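Residues per chain, in single letters:
There are 2 protein chains.
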Amino acid sequence: MTEHNQTLPHVADTAEARRRPGRPGRRPGSADTRGEILAAARKVFAEKGFDKATIRGIARAAGVDPALVHHYFETKDGVFVAAMRLPFDPAVVIPMIVNGPREEVGERLVRFILTMTGDPNAREHVLGLLRTAMVNEQGVAMVREFFSSAVLGRVGAELGVPQIRMQTAFSQMLGMVMARHIMRLEPLASAGTEELVELLAPTVQRYLTA
Amino acid sequence: MTEHNQTLPHVADTAEARRRPGRPGRRPGSADTRGEILAAARKVFAEKGFDKATIRGIARAAGVDPALVHHYFETKDGVFVAAMRLPFDPAVVIPMIVNGPREEVGERLVRFILTMTGDPNAREHVLGLLRTAMVNEQGVAMVREFFSSAVLGRVGAELGVPQIRMQTAFSQMLGMVMARHIMRLEPLASAGTEELVELLAPTVQRYLTA
Numbered sequence: 009m010t011e012h013n014q015t016l017p018h019v020a021d022t023a024e025a026r027r028r029p030g031r032p033g034r035r036p037g038s039a040d041t042r043g044e045i046l047a048a049a050r051k052v053f054a055e056k057g058f059d060k061a062t063i064r065g066i067a068r069a070a071g072v073d074p075a076l077v078h079h080y081f082e083t084k085d086g087v088f089v090a091a092m093r094l095p096f097d098p099a100v101v102i103p104m105i106v107n108g109p110r111e112e113v114g115e116r117l118v119r120f121i122l123t124m125t126g127d128p129n130a131r132e133h134v135l136g137l138l139r140t141a142m143v144n145e146q147g148v149a150m151v152r153e154f155f156s157s158a159v160l161g162r163v164g165a166e167l168g169v170p171q172i173r174m175q176t177a178f179s180q181m182l183g184m185v186m187a188r189h190i191m192r193l194e195p196l197a198s199a200g201t202e203e204l205v206e207l208l209a210p211t212v213q214r215y216l217t218a
Numbered sequence: 009m010t011e012h013n014q015t016l017p018h019v020a021d022t023a024e025a026r027r028r029p030g031r032p033g034r035r036p037g038s039a040d041t042r043g044e045i046l047a048a049a050r051k052v053f054a055e056k057g058f059d060k061a062t063i064r065g066i067a068r069a070a071g072v073d074p075a076l077v078h079h080y081f082e083t084k085d086g087v088f089v090a091a092m093r094l095p096f097d098p099a100v101v102i103p104m105i106v107n108g109p110r111e112e113v114g115e116r117l118v119r120f121i122l123t124m125t126g127d128p129n130a131r132e133h134v135l136g137l138l139r140t141a142m143v144n145e146q147g148v149a150m151v152r153e154f155f156s157s158a159v160l161g162r163v164g165a166e167l168g169v170p171q172i173r174m175q176t177a178f179s180q181m182l183g184m185v186m187a188r189h190i191m192r193l194e195p196l197a198s199a200g201t202e203e204l205v206e207l208l209a210p211t212v213q214r215y216l217t218a
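So the protein sequences, as listed, match chains S and F.
So in this note's numbering, the last one in the first sequence is 218, and the numbering has no gaps at all.
So in this note's numbering, the last one in the second sequence is 218, and the numbering has no gaps at all.
Calculated from the structure, these hints are not laboratory results.
This structure is a prediction, so every number in the text was calculated from the model and none was measured.
It is possible that part of the hints are untrue.
In this list, chains with the same sequence are indistinguishable; a pair is considered to hold if it fits within one copy or across any two.
[To be verified] Straight line, CA to CA, 20 Å or less: simulated SDA-like cross-link-like pairs of lysine to any residue: (1) Lys51 - Gln146; (2) Lys60 - Leu137; (3) Lys60 - Ser157; (4) Lys56 - Asn144; (5) Lys56 - Arg192; (6) Lys60 - Val185; (7) Lys56 - Glu194; (8) Lys60 - Glu194.
Model the full structure from these sequences, guided by the hints.
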């Protein structure tokens with residue numbers, strides 16, 4: 009499974025990583041402050057969900073100035089991605105999926121998700137989020153709102169695809185990740201990326217062709 | 009959502025239901041005995057998984073004769089279905105999916121799963137099984153082996169479809185059930201059966217056309 013060892017440059021290139029290295033205009037804030045913001049964010053997202061959480065509310069819960077939250081994470085999405093340790097930043101991934109030949113959008117999306125979840129570290133954080141969504145109501149609301157607002161809503165708007173079709177494409181990839189990495193059905197779990205792209209890309213392409 | 013009120017005659021018609029009404033040759037065993045067998049079965053399936061569990065082992069754990077387990081539930085599948093309160097019996101559902109025009113097998117399968125999970129009571133037991141599979145290792149093994157051995161393996165053999173394709177079709181339906189009934193993404197969760205059949209049937213049909 010060599011494809012599991014692929015590096016994921018687009019995944020590492022998050023808003024957070026882009027800001028970190030001593031960027032001009034960096035305001036004060038210890039490593040601890042950053043950690044405190046993320047701890048506060050996890051609490052606020054769990055309580056309010058993704059849609060109702062605000063950078064101001066997270067800053068208030070962390071006892072810092074909202075400007076500091078913006079400084080570290082740029083956007084609410086950025087805070088969520090860092091707080092949940094997600095291996096993808098919608099601000100980076102969405103343009104990557106949306107741009108390029110329209111007749112290959114299904115393949116790009118399938119290949120991105122298979123590559124990301126092929127990396128054991130990245131996968132663990134994605135599975136953690138899915139487990140959260142499975143076992144408690146607060147977790148469900150938070151995960152639903154994040155995917156709806158920050159991922160599926162935006163991709164659908166960019167591509168002009170109705171949400172029901174975006175969500176059906178999401179359901180295929182969600183089920184594939186669960187069948188491979190949680191249920192571990194064989195031979196599916198050990199199948200190579202190319203074989204799965206061949207199976208899944210036409211499905212997703214059809215859903216995204218309204 | 010009138011389709012949610014459809015009756016499910018094929019679902020009610022389990023091996024267990026077929027045997028219950030005072031069938032000739034019925035051997036002694038109180039209502040309690042039946043309950044004790046099911047409690048023992050849940051324990052044995054959780055510990056050994058589906059494949060390694062046996063009717064003899066379940067009978068031993070319940071302190072009854074194996075013939076009594078056969079009498080109540082006919083097969084190991086029958087014990088599992090009753091123990092997990094599953095709203096479908098593979099012995100009834102598989103022929104229903106497999107028989108009929110081959111070019112409509114995708115539609116039959118999609119329609120069965122949407123109708124079954126459209127019924128709130130039936131759905132709760134299916135979701136319970138999926139949650140079990142999400143949260144603990146024993147649960148995962150049990151659920152994986154049940155679907156592999158008792159469902160996907162058999163349908164694949166009947167249709168001559170490779171397991172990776174059966175499992176990919178399963179992943180689409182698993183993801184759809186989760187996206188609708190656990191994540192409750194809208195408009196997907198409230199969509200009617202016919203709209204979803206139109207979206208999903210061609211996908212499953214393609215997977216099952218090797």
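Verification of the hints:
1. Proximity of Lys51 and Gln146 under a CA criterion of 20 Å is satisfied intra-copy only: 11 Å inside one chain copy versus 31 Å between copies.
2. Only within a single protomer do Lys60 and Leu137 lie at most 20 Å apart by alpha-carbon distance; the minimum there is 19 Å, versus 32 Å between protomers.
3. In this assembly of identical chains, the alpha carbons of Lys60 and Ser157 lie at most 20 Å apart only when taken from the same copy (11 Å versus 45 Å across copies).
4. Taking the shortest alpha-carbon separations for Lys56 and Asn144, only the intra-copy value of 14 Å comes in at or below 20 Å, while the best inter-copy value is 28 Å.
5. Proximity of Lys56 and Arg192 under a CA criterion of 20 Å is satisfied inter-copy only: 17 Å between copies versus 33 Å inside one chain copy.
6. Proximity of Lys60 to Val185 under the C-alpha cut-off of 20 Å is found in neither arrangement, the shortest distances being 28 Å within a copy and 26 Å between copies.
7. Taking identical chains as interchangeable, the C-alpha atoms of Lys56 and Glu194 lie at most 20 Å apart only when they sit on different chains, with a minimum of 19 Å there against 39 Å within one chain.
8. Taking the shortest Cα distances, Lys60 and Glu194 sit within 20 Å of each other only across copies (17 Å), while inside one copy they are farther apart (41 Å).
Consistency with the previously given hints fails for number 6 only.
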